[in-house]
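The task is to assemble the complex, starting from two chains supplied on their own in separate frames and drawing on the hints.
Here is what each chain is made of, one letter per residue.
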Amino acid sequence: MSSLPRRIIKETQRLMQEPVPGINAIPDENNARYFHVIVTGPNDSPFEGGVFKLELFLPEDYPMSAPKVRFITKIYHPNIDRLGRICLDVLKDKWSPALQIRTILLSIQALLSAPNPDDPLANDVAELWKVNEAEAIRNAREWTQKYAVED
Amino acid sequence: MDALQDEVESLEAILMDDVSVKRSASGSVDMIETTVLPLTGEEEDQQYICVTLQVLPPTGYPDVSPAFKLLRPRGLDDARLEAIRSACNAKIKESLGFPVVFDLIEVVREHLTGSNLPSGQCVICLYGFSDGDEFTRTECFHYLHSYCLARHLHALRRNYQEEFDKLPAWLQKTADPFQALCPVCRELISDESDSLKCAMPPSELENAPDFRVTRELREMQQRMSQLYLQQKSRGAIIDVEAEGAAVISIETEEDIRRRGEAEAAKKLAVPAVKEELASKPTGSSSCFAPIVQETQRITPEPTNNNYQHHNRRHYRGGRRHHNHHHHHGHGHHGGNRGERGDTAQSSTSGTGGGANPSGGGNPTGTGTGKQAKAQAAGSGHAR
Numbered sequence: 001m002s003s004l005p006r007r008i009i010k011e012t013q014r015l016m017q018e019p020v021p022g023i024n025a026i027p028d029e030n031n032a033r034y035f036h037v038i039v040t041g042p043n044d045s046p047f048e049g050g051v052f053k054l055e056l057f058l059p060e061d062y063p064m065s066a067p068k069v070r071f072i073t074k075i076y077h078p079n080i081d082r083l084g085r086i087c088l089d090v091l092k093d094k095w096s097p098a099l100q101i102r103t104i105l106l107s108i109q110a111l112l113s114a115p116n117p118d119d120p121l122a123n124d125v126a127e128l129w130k131v132n133e134a135e136a137i138r139n140a141r142e143w144t145q146k147y148a149v150e151d
Numbered sequence: 001m002d003a004l005q006d007e008v009e010s011l012e013a014i015l016m017d018d019v020s021v022k023r024s025a026s027g028s029v030d031m032i033e034t035t036v037l038p039l040t041g042e043e044e045d046q047q048y049i050c051v052t053l054q055v056l057p058p059t060g061y062p063d064v065s066p067a068f069k070l071l072r073p074r075g076l077d078d079a080r081l082e083a084i085r086s087a088c089n090a091k092i093k094e095s096l097g098f099p100v101v102f103d104l105i106e107v108v109r110e111h112l113t114g115s116n117l118p119s120g121q122c123v124i125c126l127y128g129f130s131d132g133d134e135f136t137r138t139e140c141f142h143y144l145h146s147y148c149l150a151r152h153l154h155a156l157r158r159n160y161q162e163e164f165d166k167l168p169a170w171l172q173k174t175a176d177p178f179q180a181l182c183p184v185c186r187e188l189i190s191d192e193s194d195s196l197k198c199a200m201p202p203s204e205l206e207n208a209p210d211f212r213v214t215r216e217l218r219e220m221q222q223r224m225s226q227l228y229l230q231q232k233s234r235g236a237i238i239d240v241e242a243e244g245a246a247v248i249s250i251e252t253e254e255d256i257r258r259r260g261e262a263e264a265a266k267k268l269a270v271p272a273v274k275e276e277l278a279s280k281p282t283g284s285s286s287c288f289a290p291i292v293q294e295t296q297r298i299t300p301e302p303t304n305n306n307y308q309h310h311n312r313r314h315y316r317g318g319r320r321h322h323n324h325h326h327h328h329g330h331g332h333h334g335g336n337r338g339e340r341g342d343t344a345q346s347s348t349s350g351t352g353g354g355a356n357p358s359g360g361g362n363p364t365g366t367g368t369g370k371q372a373k374a375q376a377a378g379s380g381h382a383r
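Quick note, the sequences are listed as chains A and B, same order.
If you count by UniProt numbering, then the first sequence holds residues 1 to 151, one letter each, in order.
If you count by UniProt numbering, then the second sequence holds residues 1 to 383, one letter each, in order.
Hints in this document: simulated from the structure, not taken from any laboratory.
Watch out, some of these pointers could steer you wrong.
[Said to hold, decoys possible] Computed list of lysine-lysine pairs in DSS-like fashion (alpha-carbon distance at most 30 Å, straight line):
(1) A:K130 / A:K94
(2) B:K69 / A:K92
(3) A:K92 / A:K130
(4) A:K130 / A:K146
(5) A:K94 / B:K197
(6) A:K10 / A:K92
(7) A:K10 / B:K197
(8) B:K166 / B:K197
(9) A:K146 / B:K232
(10) A:K94 / B:K166
(11) B:K91 / B:K69
(12) A:K94 / B:K173
(13) A:K92 / B:K173
(14) B:K93 / B:K22
(15) B:K22 / B:K91
(16) B:K69 / B:K93
(17) B:K166 / A:K92
Chain B with its partners taken away, still in its complex shape (with noise of 0.2 Å):
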């Protein structure tokens, strides 16, 4: 017992702010828990990946092994994960009846930096990252390649845009302003769109397979149609004419540019039609009619192009820093976030048109934070 409470007062003494420690009533002690960062000299915006390491002391420690769990982790796929939780087996293993806590942060934190690359795949692409590659970590420590954010930052103006100017004017004036949002978890996040255009779309995206039709897949095609046709004879189709409208629907190409051009004449004509139906005119329409095509590309204005990583110096992911007052900045990037859970969470919604339905706006903490940019390996951190 004695073991365990100078073990967890040295700790504490260390990494101060950085270690959280449970105590029962009795003052015994439950759990102990701390990111772990890799090493990157003082480059703090350079840490590219995380995991929170909890140990759980068990009566009779350090005599009987400690269980421990890898928590929130961030740029590590399952391979890397079961890689660090066998090495951290290993030695507690080996260090049976002496404190270990200390040793489990080493080898975790050795893993860290031996590769501080995330491994596992940009959600926007569903490539991985490779050398070179120039990816973007968010205040929430997901990844994502630069190219592929600045589109999806694109694409949450736009669509922010859209819905403020459908407000009437005197909405307009309150409408909470743009915020931009991980498309992973829906923290905010900065918006550096105009330093993110520049970049280049990533090399394993350039290099993909082209999809092929295979036997299997018409064979299950035809299984399709049959389905279809046996409800269509029993009448469980719905008749979208029967109920007065139009949605989308299987188009030959011919179909398709015919309907397109007729449609691009449609809008000049009435250039306010609005969507009568979700998927009628953005949908199918857009891929031939070329007018709507080139807004709907991602054309990046040629404006305010600079480079600079201006505010870096802000960047608040680093937690091993020597000033113990940055609390906030704990709660932010540990524990929070984690809590939210790492996937997009759904549920039945209304149709509403508010204008920032994520009700952004938050004035708290997000003017600090800056997304660290990197030049995946070589040349990105191994100066």
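With the rest of the complex left out, here is chain A (with noise of 0.2 Å):
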């Protein structure tokens, strides 16, 4: 853990002070860059009930460059595919280091309340999620049943 920047010490403590409801990110104990993530699925929403794990990576420039996010839960989404990448604007060209990693998990978290089957990642999640949204949201709550929620 040599030389962490002062921002990921100080976010770091301040999400351990001050979490965000649903919303649990630790760091891990060999890596302070590495996050363990957990976002609960949105009320009124599919994934209500369900608890999702994420990692997030800060590379080398954080907060110059965005911090590297994924699902590792399964999760049926139109903007999150099977590796449980994120199509997120503010992951890619619409990050700024005025985001911070509480910020892009409540992106993440209200995502999970507005898919956008317009804009895909999962081809096929967000064909059928625009063809049939009733039978989309019912895998969507499948999946969360069986992947996501606690016995």
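Take a look at the structure:
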């Protein structure tokens, strides 16, 4: 853990001291740039009740480049592909150093509430979401129950 | 009613374009609004903070106290805003029965002049502004350590160049030119990388405490890994290898070093490896492969180190000016900016590789805009 930037230390401390409801991010024991993340599915979404694991990595020049984030728990969502990669502008060209780990995770949580099948990453999911939304939402609920709801 | 009309007339006569008055259809005054800046003599580029005062006179004013709002604060944190608010409330209380708008403006201005230094923190390093820190106020009244802003501009320019280089030649010709954007509100700002390069890192940043792993953190880590194992046991974890790709994963320092060496070697062999996956190459590999690291660090080229604050006179933030035909300037730095909101917005987006995603190349008004540079406190504006 050599020379971790102050900003990362400060963000980590704040994540511990003032956690965001429904979001949990803690650094890995061996690598303080790698975070284990939990995002709970928002109420009134097909992901409600689910506890989703993500991994988040802060690259060398963070905060000048965006964190790398990926779902680890399987999720049925038009903007998240089978590898768990997320299609979100703030993770790509709309990244700004004024954003933080917490704001990025909030954006991801918001994405669960508002899937956007017109801008898909998982094509088959997006297709179904467009032609038969009811069935797509049913699938999302099933996946949530099967993979992300704690016993 | 007449008292209010008189007051508004004299406000308009004195503040001219700097005050905006909304009247209802019947001609009664609904709202008086003006942006207040600290007094800094003729040095407009040393006005580091501001706030818009909005007064809403009720029927019966001045015998009934007016309501007021403090809008679009710049460089003021909640505590300072609250102090200004309670001073205004006190003034309104003691002035019941008399016109109070001028006095309110004065109260706000005194507060701003009293400590013309941004409070709050720099959004890039998350530390405050201490005495001696060099900071920059953008045209949109956001505050950043000059050191941090320089890093941001450098990264923006690098990203632009990377995207630009990916374009086929025929598209490069029509690509939008590079535009510097405010990290807070994405407004266009002037790119002063050259003069910012020499800025020193902020002092709080240098003296921050180290990170320590607490018992609480250990417990949370354990709970996390329990959840992982539990989800794994029911097949809920995405199996990256089965999907035929590699993404970020936890590695020990040893793994990282070994993989770094391997990748560095690969890079030498195949220089044009593109990102197959969002996270794989740039992410975890960069902290150990020295070749990559070198390119990612900010390396200010030692060229063109002109410190002089050329064009400062063009700075357009000021408002207490005698000429009253600079409406466009007002719209820009007051209203419009505020309405855009102070936080970066997000939405889903395609992965598309446009060279300048924010649609830069805006020809209006940034040419004359200059960021105010300052040495905090003492040295800065004591003269």
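Practice item. Quickly compare the C-alpha distance for K92 (chain A) and K173 (chain B) to 30 Å and report which way the hint goes. Key: Holds. K92 (chain A) to K173 (chain B) sits at ~24 Å (cutoff 30 Å).
| message | Hinted pair, alpha-carbon criterion (30 Å max): K166 (chain B), K197 (chain B). Please report holds or violated. | response | Judged against 30 Å, a Cα distance of about 27 Å means the pair holds.
**Asked** Are K91 (chain B) and K69 (chain B) close enough, with their CA atoms no more than 30 Å apart?
**Response** 14 Å, holds
Original post:
Given the hint that K166 (chain B) pairs with K92 (chain A), does the C-alpha gap stay at or below 30 Å?
Top reply: 16 Å, holds
Given the hinted pair K94 (chain A) and K197 (chain B), is their Cα-Cα distance within 30 Å?
Judged against 30 Å, a Cα distance of about 24 Å means the pair holds.
Has the given pair, K94 (chain A) with K173 (chain B), been kept, meaning a C-alpha gap of at most 30 Å?
-> The given pair, whose Cα atoms are some 23 Å apart, holds under the 30 Å limit.
Exercise for review: Starting from K69 (chain B), check that the Cα of K92 (chain A) is at most 30 Å away, please.
Suggested key: 37 Å, violated
Verify the proposed pairing of K146 (chain A) with K232 (chain B), using a straight-line Cα cut of 30 Å. 12 Å, holds
Is the hinted pair K10 (chain A) and K197 (chain B) satisfied, with a Cα-Cα distance of at most 30 Å? 25 Å, holds
Inset, instruction - Given the hint that K130 (chain A) pairs with K146 (chain A), test it: the Cα-Cα distance must not exceed 30 Å. - result: 23 Å, holds
Hinted pair, alpha-carbon criterion (30 Å max): K93 (chain B), K22 (chain B). Please report holds or violated. Answer holds: K93 (chain B) to K22 (chain B) is near 24 Å, not above 30 Å.
Next item on the list: Quickly compare the C-alpha distance for K69 (chain B) and K93 (chain B) to 30 Å and report which way the hint goes.
Entry: 16 Å, holds
Violated hints amount to a single one, hint 2; each of the other numbered hints is respected by the structure.
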